[in-house]
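Participant: Sequence:
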Amino acid sequence: WPMQAEMSLSYVRLMWGVLVVAFRQAEKLRLIAQNPVAGFKFTDFTKARILPKPSRLRAAQLEEVLGDLAAGFDQHPQDCMLALMMLCHGTRAGETRQARWLHLTRGEQGEWFIPAENTKTRCEHRLPLTHQACALLERYRDWQSSKGYKGAYMFPARNRGPISDSQACAVFARLGKGEWTSHDLRKVARTGWTDLGVDFLIGEMLVNHTLTRNVQTYIHTSAELLKRDALNKWHEWLDGKGFSRIHRSTLTRNGNSQNAVEANTGAASSAITNP
Numbered sequence: 001w002p003m004q005a006e007m008s009l010s011y012v013r014l015m016w017g018v019l020v021v022a023f024r025q026a027e028k029l030r031l032i033a034q035n036p037v038a039g040f041k042f043t044d045f046t047k048a049r050i051l052p053k054p055s056r057l058r059a060a061q062l063e064e065v066l067g068d069l070a071a072g073f074d075q076h077p078q079d080c081m082l083a084l085m086m087l088c089h090g091t092r093a094g095e096t097r098q099a100r101w102l103h104l105t106r107g108e109q110g111e112w113f114i115p116a117e118n119t120k121t122r123c124e125h126r127l128p129l130t131h132q133a134c135a136l137l138e139r140y141r142d143w144q145s146s147k148g149y150k151g152a153y154m155f156p157a158r159n160r161g162p163i164s165d166s167q168a169c170a171v172f173a174r175l176g177k178g179e180w181t182s183h184d185l186r187k188v189a190r191t192g193w194t195d196l197g198v199d200f201l202i203g204e205m206l207v208n209h210t211l212t213r214n215v216q217t218y219i220h221t222s223a224e225l226l227k228r229d230a231l232n233k234w235h236e237w238l239d240g241k242g243f244s245r246i247h248r249s250t251l252t253r254n255g256n257s258q259n260a261v262e263a264n265t266g267a268a269s270s271a272i273t274n275p
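Numbering of the sequence shown is given in the working numbering, commencing with residue 1 and proceeding in unit increments.
Source of the hints: derived by calculation from the structure; they are not laboratory data.
Once the Cα atoms are required to be at most 20 Å apart in a straight line, the calculated EDC-like pairs of lysine to aspartate or glutamate come out as:
id	residue 1	residue 2
1	Lys187	Glu64
2	Lys187	Asp165
3	Lys47	Glu6
4	Lys150	Asp79
5	Lys147	Asp79
6	Lys227	Glu204
7	Lys187	Glu204
8	Lys177	Asp165
All chains should be built: construct the whole structure from the sequences, respecting the hints.
Facilitator: Next up, the structure:
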């Protein structure tokens, strides 16, 4: 295709999807007599694999990112909170921006419930909330209350409802300054869990990737405990990179002060030492 000479294969596939939808709708509205692409698939035109984009954000950079978020939190708390929730939990931007306070349970066994209609997989998602996450939520909620906001959404728009997808994209354009995106936060969290020794299936559950029914049934009994342990490890590691300056919690899992856990900044994946 001429487009492939100038554009990436992933972009060409995206444009193919737009074309398919446009022709399908045109035929439905009887604007055309016949759909010229009916029955065709993208793989009919190329067998090349579309490789995932490498993350533009590595663990070695998180100290700087968290420093920027700490410095900007008082001035732009909603922007910084959106990024922090994604970094801490590996959630998608759409799942995060639509969060409601009703779905956040704080406390020792805190949990963030994401309803099915807000997820890409259309399956409800539950994430444990660590003491760091709960302290962060408390600080953010206090700020909202000080501004007189008592609404349902964590990230409210000026009109009713949560901020839109385009508004969320604008947030990350401001924060990332072209160096990283919202999806890079999700990627670096997933890589971080692996480097901390988190089981592959638990990592996949945390990012809410689709699992087979057999796998879901097999690991359901202990999954919640393992998910909590994974996020505890991750947030303790983030504390060593400056996260503690933002959430300001004085607690740790063991009741002791947190020591920084250093990353191997020389490695391409910035391997993380398991505490």
